[in-house]
Amino acid sequence: MSPDTLGPLLPAVPFIAALLGLVWPGAGRRLAAALGITGAAVALLVAAWLALTVDGPYGTYTELADFGGLPVTFGVRIDGAALLVALAVGVVALAVQVYSVAYLADDDRYAPYAAQVSLFTAAMLLVVVAGDLIVLLVGWEVMGICSYLLIGHDRRLPEAPKAAVKAFIVTRTGDVGFLLGIVLLGVSAGSFRIADVLSAVAAGEVSAGRLTAVALLLLAGVAGKSAQFPLHTWLPDAMAGPTPISALIHAATMVAAGIYVVTRLFPVFDAGSVPLAVLGVMAAVTMLLGALAATAQDDIKRVLAWSTVSQLAYMAAALSVGATAVALFHLLTHAAFKALLFLGAGSVIHAVGSNSMAAMGGLRRGMPATFWSMTIGLGALMGLPPLAGFWSKDAVLAAAQGKNGWVAVMVFTAGLVGVVVTAWYATRLWLRTFFGTPRSPAAEHPHEPPGVMLWPVVLLAVPSALLGFAAFAHGFTDRLRSPAPAEWVGEYSGPATRAQALQEAVELVHLSAAMALPLACLALGVLGAWLAWRRDPAADPARVLGPLRPVFANAFYLDAVQEVAVVRPSRALARVVRRGDESVVDGAVEGAGRGTSDLGGSLARAHRAGLPRAATAVLAGALLVGVAAATLGGLS
Amino acid sequence: MTSADLLLTALGAVALGSALLVVATRHVVRAGLWLVVTLGAVAGLYLVLAAELVAWVQILLYVGAVVVLLLFAVMLTRAPIGARHDLDRPGWPAFLVGGGTGLGLAVLLVDAYRWTRVDTPPTGSAELLGTEIFRSWVLPFEVLSVLLLAALVGAIVISRPEIGSRPAPPAGSAPEPRPAPGERR
Amino acid sequence: MHPVIPYVTAALLFGIGVYGVLRRRNAVLLLMSVELMLNAVNLVLVTADATVQAALPATGQVFALFVIVIAAAEVGVGLAIVLQLYRLHATIALDTVALAPPDDTAALGPPDDTPFPPDGSPPPGPPDRSGPPDGTGPRPEASAEQPHPAPVGAA
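Chains as they are written, first to last, in numbering that gives the first Met the number 0: chain A, 0 to 635; chain B, 0 to 184; chain C, 0 to 154.
Mixed in with the good hints, there may be bad ones.
Only part of the chain B face toward chain A is listed, based on derived beta-carbon distances under 8 Å [to be verified]:
1. Val-62
2. Arg-88
3. Pro-92
4. Val-96
5. Gly-103
6. Ala-105
If you want the footprint, here are the derived chain A segments under chain B, 3+ residues with CB under 8 Å [unchecked claim]:
7. 606–620
8. 623–629
Hints in this document: simulated from the structure, not taken from any laboratory. Just so you know, these numbers come straight off a predicted model, no measurement behind them. Beta carbons: idealized from backbone N, C-alpha and C, even for Gly.
Please construct the entire structure, taking both the sequences and the accompanying hints into account.
Following this line, the structure appears as structure tokens:
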């Protein structure tokens with residue numbers, strides 16, 4: 000099998016699994032689970048094979064349609080970065096599918112769930128390998144739909160449908176900008192193929208103003224999908240969905256798609272200074288916003304959700320200083336440890352029967368494997384050496400430190416403060432969940448989850464711990480680099496020019512004294528949380544926040560702001576439009592019908608007039624005709 | 000203004016006045032009698048216009064037969080004796096159309112003839128008219144006699160009592176009592 | 000003589016006849032108004048005969064005779080219809096005659112006025128046919144109180 004056919008196979012296999020799962024009449028649990036797991040496993044295998052065998056970037060294209068000179072092709076563009084991200088997607092998707100078999104053991108709608116997860120995997124892989132902007136857009140939108148369907152999966156929860164709608168609408172708002180950006184970009188560059196677009200940008204065929212506009216529009220979509228300020232409000236509420244979905248979609252893959260697209264189209268963003276500056280501001284604000292909001296949450300999943308928002312901001316910060324490889328590196332490590340954390344939280348919730356940390360405590364005795372895996376995950380989140388998160392977060396801070404300009408300074412400062420706060424809330428979560436005395440009857444007798452749920456968690460601990468060391472391997476760092484324009488060949492043509500690759504090797508690791516500063520911030524955060532906890536192990540360390548606690552818990556009341564500024568005017572407008580539609584448009588249509596039948600009725604009634612009325616009508620008509628004839632004919 | 004004009008004016012006034020009474024009176028029988036006056040005045044107009052035969056035929060047929068028929072109908076339909084207030088429908092359409100028609104035609108004719116003069120034509124005697132009818136207008140005359148026959152037959156057919164009668168009551172049920180003469184239901 | 004005088008008389012007579020047709024509810028009074036209109040037409044014909052010299056002499060008067068004959072025939076048939084109407088509905092008020100079978104009485108609307116009752120009694124229903132269904136024999140209506148004895152039947 001040549002890489003030409005394997006490339007499109009990446010999204011195709013999960014898609015077929017999804018179709019079969021959705022369409023097969025009466026698909027039972029076993030069949031649905033088999034389809035889901037097979038789809039994810041095959042995708043993973045294909046990605047692994049391609050990652051091992053393919054060296055240089057290549058693409059395969061088939062033309063789908065031609066819109067008046069603008070061709071739309073189904074194109075697949077494989078390069079190192081795409082394959083690594085595809086690998087991450089495959090691993091997390093497989094873990095989630097396996098985990099879900101046990102997590103949703105008592106759910107009778109498991110079959111459509113598994114098929115939707117497969118569909119989502121296919122869409123994400125489509126975004127990853129897309130060689131054409133329209134294909135990218137298709138995958139982007141399908142991901143949004145799957146997210147909506149999966150968040151609202153559990154219909155017994157009252158908040159699930161609202162959360163699903165909120166997620167869909169907020170991301171949709173960003174997607175409008177994304178769509179406009181893509182269209183504008185394709186039209187300006189004369190083609191929708193990503194390779195053609197990037198070479199057109201490199202050749203300077205697109206004006207700077209237009210590129211800025213395109214970049215800002217695309218950033219709207221990125222902000223929506225990757226939950227950056229101000230379109231971040233949907234992610235914490237999306238935790239109403241099942242925990243494996245939170246792990247897959249809202250930690251590891253979909254939210255990372257925005258970052259990935261910026262990486263893919265980076266020359267478009269890099270053309271002027273405005274888009275990256277905007278991205279930097281968004282990143283700095285979101286970093287702190289997410290971290291501070293996570294400090295005061297009681298729901299364990301919401302802590303992780305805000306943490307995701309904050310970590311995505313780190314990736315965006317890396318992008319804003321131009322370090323795309325660093326951003327991708329952090330994306331990969333974040334996928335590993337965040338998926339681990341969510342799945343582990345799922346096990347904890349399964350054991351305790353509640354999301355609230357107030358009902359947990361002292362769980363490490365009954366759930367040792369989960370405890371150690373989550374410890375590794377939280378350590379990676381904090382940036383504790385030598386776990387994966389330390390290397391990637393340090394790379395982000397080093398990249399920001401190494402650049403000049405106010406954006407870099409702002410991002411670096413926010414990053415450091417973020418490290419402190421991240422360490423604080425991660426330690427708080429760790430201590431409150433696993434240490435101390437149990438605070439509820441269910442927490443007194445915790446048990447490990449079934450093997451099907453436990454093994455994905457344990458296995459994900461491996462890359463969370465070790466993936467950071469891959470930063471020392473050139474094979475890895477090469478692949479993270481964005482290819483230069485000259486390398487964008489058509490069909491796969493064998494091993495690419497390795498020499499050229501080595502020339503532009505990316506340094507992801509900087510072992511220097513500058514590492515001390517983040518480590519000091521880390522120690523500060525851990526110490527602060529531990530001291531607050533030690534004073535009263537049964538109480539919430541967040542109480543030291545004092546009056547700021549409700550502000551952080553409500554995420555600076557931004558939800559309320561959004562409600563007033565956007566939701567209510569939109570609803571009012573919708574009401575007006577609906578009334579206009581019903582009374583004017585429908586009214587016109589119905590009125591036409593009613594008017595015609597009323598007219599017919601009155602004509603019928605006129606025909607049925609009594610004899611004297613009829614006689615009056617006849618004679619009056621004759622009089623009128625006579626008068627008309629006399630006056631028009633002219634009195635002689 | 001010759002004497003003919005005076006007679007025409009006087010007889011015209013009588014005709015119009017009694018016509019107004021025909022359409023406006025509240026007594027049904029008196030309407031019939033005023034109709035007699037109108038028809039007689041019109042016959043007089045014919046005489047002044049030297050249409051002898053037409054005038055006498057008018058008296059004979061109209062006053063003698065038609066009005067009698069109308070009066071018979073009045074009685075057979077138990078027309079009320081005395082003034083009635085519900086003989087009329089709303090007046091304004093009638094005023095408009097009738098007034099419009101009358102005035103319109105009058106304006107038309109006045110505009111056509113103004114104050115021209117004609118001489119008195121030769122008398123339309125029975126000999127003259129008879130000659131004309133049986134020489135030039137024989138066919139319409141014969142058609143008219145067929146028409147009269149048709150009208151006669153039609154009137155008989157329409158007046159048959161079976162039209163509109165109820166079917167005979169089923170056998171076994173007691174026949175409904177005949178209303179006594181003069182009894183109203 | 001001035002022909003405009005009889006012409007105007009005829010025109011006004013015609014107008015009065017139209018007024019009567021549209022105003023009267025009683026069928027017989029309506030027929031009387033129709034007679035007025037026919038007389039007006041006759042007057043125009045005769046005056047025209049005096050005014051205009053037609054190709055054939057006395058054409059107008061001949062036509063007037065024909066009109067008289069037709070009017071007589073019309074009155075005969077019309078009165079037969081009126082009497083049959085009276086037999087069916089015991090009223091000859093024309094605004095109570097329904098032109099169509101009342102399948103949708105709401106659309107027809109209420110009748111203009113109360114039916115034309117004889118002498119103030121409440122409107123009777125259709126008279127019952129209790130006698131032998133043939134054209135002979137005395138009929139209750141015919142033998143009801145009349146100012147003077149009427150001939151049997153109206154046929």
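Status of each hint after checking the structure:
1. Val-62: violated (26 Å)
2. Arg-88: It holds, given that the least Cβ distance between Arg-88 of chain B and chain A is near 6 Å, below 8 Å.
3. Pro-92: holds (5 Å)
4. Val-96: Holds - the Cβ of Val-96 of chain B comes within 8 Å of chain A, reaching about 5 Å at its closest.
5. Gly-103: Holds - the Cβ of Gly-103 of chain B comes within 8 Å of chain A, reaching about 6 Å at its closest.
6. Ala-105: Violated, about 12 Å.
7. 606–620: Coverage by chain B holds for the segment 606–620 of chain A (4 residues, Cβ < 8 Å).
8. 623–629: holds (count 3)
The structure fails to meet hints 1 and 6 from the earlier list, while all remaining hints are met.
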